[in-house]
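Enquirer: Residue numbers (the working numbering), protein chains in the order written: chain E, 685 to 782; chain D, 3 to 388.
Derived by calculation from the structure, the hints in this document are not laboratory data. It cannot be assumed that every hint is accurate.
Unchecked claim - What follows is a list of derived Cβ distance ranges for each label pair:
id, chain 1, residue 1, chain 2, residue 2, range
1, E, E759, D, S368, 48 to 58 Å
2, E, R705, D, G180, 31 to 41 Å
3, D, D60, E, R772, 21 to 31 Å
4, E, S737, D, E230, 29 to 39 Å
5, E, L766, D, A213, 38 to 48 Å
6, E, T709, D, A350, 18 to 28 Å
7, D, T351, E, G717, 13 to 23 Å
8, D, L231, E, L766, 44 to 54 Å
9, D, P371, E, D726, 39 to 49 Å
Unchecked claim - Covered stretches of chain D, as calculated for chain E (at least 3 residues, CB under 8 Å):
id, segment
10, 118 to 126
11, 242 to 255
Using N, Cα and C, we set each Cβ at its ideal position, and we do this for glycine too.
Okay, here's what each chain looks like letter by letter:
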Amino acid sequence: MVRALKINGRDNCAVLLADVRKGETVEVRTETGVSSLAARCDIASGHKIALVSLTVDQPIVKYGEEIGRARTAIEAGDWIHLHNVTCRRGHQHQEQRE
Amino acid sequence: MQTFQGYRRSRGLPGVRNAVAVIPSVFCANTVARRIAEHVAGAIAFCHPVGCSQVGLDLELTARGLKGLGAHPNFSGVVVVGLGCERLQARELAESIAAMGKPVEMLVIQEEGDTLRAIEKGILFAGRLAEEAARQSREAFPLSELSLGLKCGGTDATSGLAANPALGWVTDRVVDAGGRAIFTEVTELIGAEQILAGRGKTPQVAGEILATIGAMEKRLSAATASAELQHRSALISPGNEDGGVTTVAEKALGGIYKAGTGTISGVVGYGEYPAGPGLYLLDCVGHDGEAVTGLVASGCQAVVFTTGRGTPTGFLGVPIIKITGNSATFEKMKFNLDFNAGRIVEGATIAEVGTELLAKVLRVASGEPARAELLGHDELFCITRI
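Let the hints inform the model, and build the full structure from the sequences given.
Expert: This is the structure in structure tokens:
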């Protein structure tokens, strides 16, 4: 079983503390206890796993704050990274480009 | 009471090192400055590519940066080397450093005659200052006499989980004891501005924090707007991304842990020293060299530098204490890193690891060399440009 850390109670993702393989169970430590879910793909240590399903444009919350928004639909157990997150901060004309 | 062993100065905070700085006012004086320092034990040359053909704020930032460097408490004395025809005149630099209470000597190559005469005179100046420095011994100072620079570079997911929280614990102790701590990297605070503004000591400070980060975001937005340069528009590095950091806001939220939990007393400009004790935000970009040089030019006697991916860089005359929250990086880059905060990821408390980190910082401030010093790393001296 691979461990992950949910840093803040408001977070909808957790940080993996070791590499996980698709289908493996991830044990998620939270402020209040432990929960578990299955990884839907291989995810490297230090990367984020979705704890709930998210629709397009829903905020990704880590450290209790928004770090970006879902670019695509995201399922619980998915890897959250550049391929499915957008962040407009510090960029202009993002909408026009996409 | 926790103390460190430093060198008393006639004005301002004590030094944690006791070197002689040889500072060219313009890049044309670099070789003369370097050769002077090569001849004198305990002298350091700070060569740079600026000092002429600049105007306005760009030239002013160069002047402030070099003045702040010269006034730094880790230097017992300074030799300023000019060419003679440059825009940043050696006299302006020397007089400004002397006005801050520092022994300063000055020489101008075109007045001395040539390289050989300039080097000879410079060696005599630096030698005399080094001799005076060597007569001084360390004495005990309380934490309130410490000004700590806070920096991260090569961020990965462990930076926000372990290394930055451990450093934040140290920051809180130093600030609570009446010392100073300065954080910067404004390019990487985007997304954390509301949290930081909420920690401002007064509404005015909160406004300054928002304005500083807002201006930097505007600058970045303009720089990333060009359709032809979209391949140069990433705000975080490939190493950050490989390490699990997805956005600039995520990096910011993990990064501000190193500034602890306390009140922010003010925003300081580049080359400006804080007016008093407390936690300050320095207005400078996140580039490791520009940011560390900014922290030095604001008087930080030592810089604690957190790194997840691992980096070897250093700044001569100022200890750069490298800490990682990534135990694998600590094993891999053993001789570049001073402290492993990775035990927090494995379950140790932030206070336990923070207590050890503070002890390490005080040992380094008292003379124990940081790894970057042992290896002679000098990459971080870099004057900011606009």
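Enquirer: With reference to the structure, classify each hint as holding or not holding.
Expert: Status of the hints after comparison with the structure:
1. Restraint check, E759(E) to S368(D): a C-beta distance of roughly 54 Å satisfies the suggested window 48 to 58 Å.
2. For R705(E) and G180(D), the Cβ-Cβ distance of about 52 Å falls outside the hinted range of 31 to 41 Å, so the restraint is violated.
3. Taking 21 to 31 Å as the suggested C-beta distance range, the pair D60(D) and R772(E) conforms, at roughly 30 Å.
4. In this structure, S737(E) and E230(D) meet the distance hint of 29 to 39 Å, their C-beta atoms being roughly 38 Å apart.
5. Between L766(E) and A213(D), the C-beta spacing of about 30 Å breaks the proposed range 38 to 48 Å.
6. Between T709(E) and A350(D), the C-beta spacing of about 25 Å keeps the proposed range 18 to 28 Å intact.
7. For T351(D) and G717(E), the Cβ-Cβ distance of about 18 Å falls inside the hinted range of 13 to 23 Å, so the restraint holds.
8. Roughly 19 Å separates the CB atoms of L231(D) and L766(E), a value that falls outside the hinted 44 to 54 Å.
9. In this structure, P371(D) and D726(E) meet the distance hint of 39 to 49 Å, their C-beta atoms being roughly 42 Å apart.
10. With 0 residues carrying a beta carbon less than 8 Å from a beta carbon of chain E, the segment 118 to 126 of chain D misses the three-residue requirement, and the given coverage is violated.
11. With 9 residues bearing a CB less than 8 Å from a CB of chain E, the segment 242 to 255 of chain D meets the requirement of three and the coverage assertion stands.
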